[in-house]
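Engineer: Here is what each chain is made of, one letter per residue.
There are 2 protein chains.
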Amino acid sequence: MSEHRNPLPTTDAVIADPRGRVVLVMRKNEPRGWALPGGFVDWGEEIGAACRREAKEETGLDFELVAQLFTYSDPRRDPRKHTISTVYACKVAAGAEPKGGDDAEEARWFAEAEVPWKELCFDHAEILRDYFRWARTGERRRM
Amino acid sequence: MSEHRNPLPTTDAVIADPRGRVVLVMRKNEPRGWALPGGFVDWGEEIGAACRREAKEETGLDFELVAQLFTYSDPRRDPRKHTISTVYACKVAAGAEPKGGDDAEEARWFAEAEVPWKELCFDHAEILRDYFRWARTGERRRM
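The listed protein sequences derive, respectively, from chains D and H.
Residues in the first sequence are numbered from 14 upward in steps of one, following my numbering.
Residues in the second sequence are numbered from 14 upward in steps of one, following my numbering.
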């Protein structure tokens with residue numbers, strides 16, 4: 014008998030600079046498009062550590078975790094598999110410049126008004142809307 | 014080659030009544046002791062739905078999810094496996110009486126002053142301390 018099948022834990026980082034811009038990465042793999050940096054949580058790894066590791070691989074940035082915002086688990090959020098993503102608000106110092114690496118072809122800053130909403134993969138538009146509301150009001154996503 | 018090994022997503026419910034008491038269950042299986050009701054998230058299942066399903070099996074209660082509080086992922090939180098738990102604050106109407114079922118031998122109400130802190134399994138003492146602070150102040154666990 015195979016073991017019980019579980020959703021796969023992942024993490025995504027919303028990295029902001031002091032001007033409130035956020036980093037998005039252009040994915041190298043399918044589905045192509047812009048996305049938050051992030052990836053899978055390893056066995057034995059705390060989610061915050063996975064967030065720092067994965068987002069650094071894709072952006073080159075060292076950053077600070079500010080708050081754990083929400084864990085997204087809609088089974089349709091990723092067309093490939095059932096993944097669960099724990100999202101962190103993160104910050105970097107002024108002047109930090111992202112540089113695409115690993116699974117990211119490109120990584121760059123976007124002000125809220127510049128976010129390519131229609132070109133965001135997965136449920137990252139929803140996550141980013143929740144993030145900007147939290148950044149303005151301190152209110153997290155509701156049930 | 015085996016697939017990448019991932020931590021296992023779980024969920025726990027802090028179910029409160031209008032007096033602020035919370036439900037704990039006495040586990041039937043090892044490790045024995047008091048715990049929050051909860052369990053594994055199934056493939057294809059949203060975490061909130063898993064929370065309602067698992068906690069109902071163990072307490073008999075129908076309840077409302079009030080807020081998603083935090084996702085705990087320290088690899089040492091469960092001595093058996095690396096599990097990640099997304100914790101919800103939940104509420105029931107006055108007069109609801111929990112009844113142990115499934116993996117729970119017993120389920121009952123505890124006021125904060127009655128919680129058997131030393132007999133709590135896993136990291137549930139930490140989760141409950143975070144919960145009571147949130148219930149008093151609205152502040153979630155910090156990074």
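Read the hints as simulated data drawn from the structure, not as lab findings.
Computed from a predicted structure; not experimentally measured.
There may be inaccurate statements among the hints.
Copies of one chain are not kept apart here, so a pair can be met inside one copy or by any two copies together.
List of simulated lysine-lysine pairs, DSBU-like, C-alpha gap at most 35 Å [as the list claims (entries may be wrong)]:
#1 Lys41 x Lys94
#2 Lys112 x Lys69
#3 Lys94 x Lys69
Engineer: Now tell me if each hint is right for this structure.
Structural biologist: Quick rundown of the hints versus the structure:
1. Lys41 x Lys94: both (18 Å within a copy, 33 Å between copies)
2. Lys112 x Lys69: within (9 Å within a copy, 47 Å between copies)
3. Lys94 x Lys69: Close inside one copy (24 Å) and across copies (27 Å); limit 35 Å.
When held up to the earlier numbered hints, the structure conflicts with none and fits them all.
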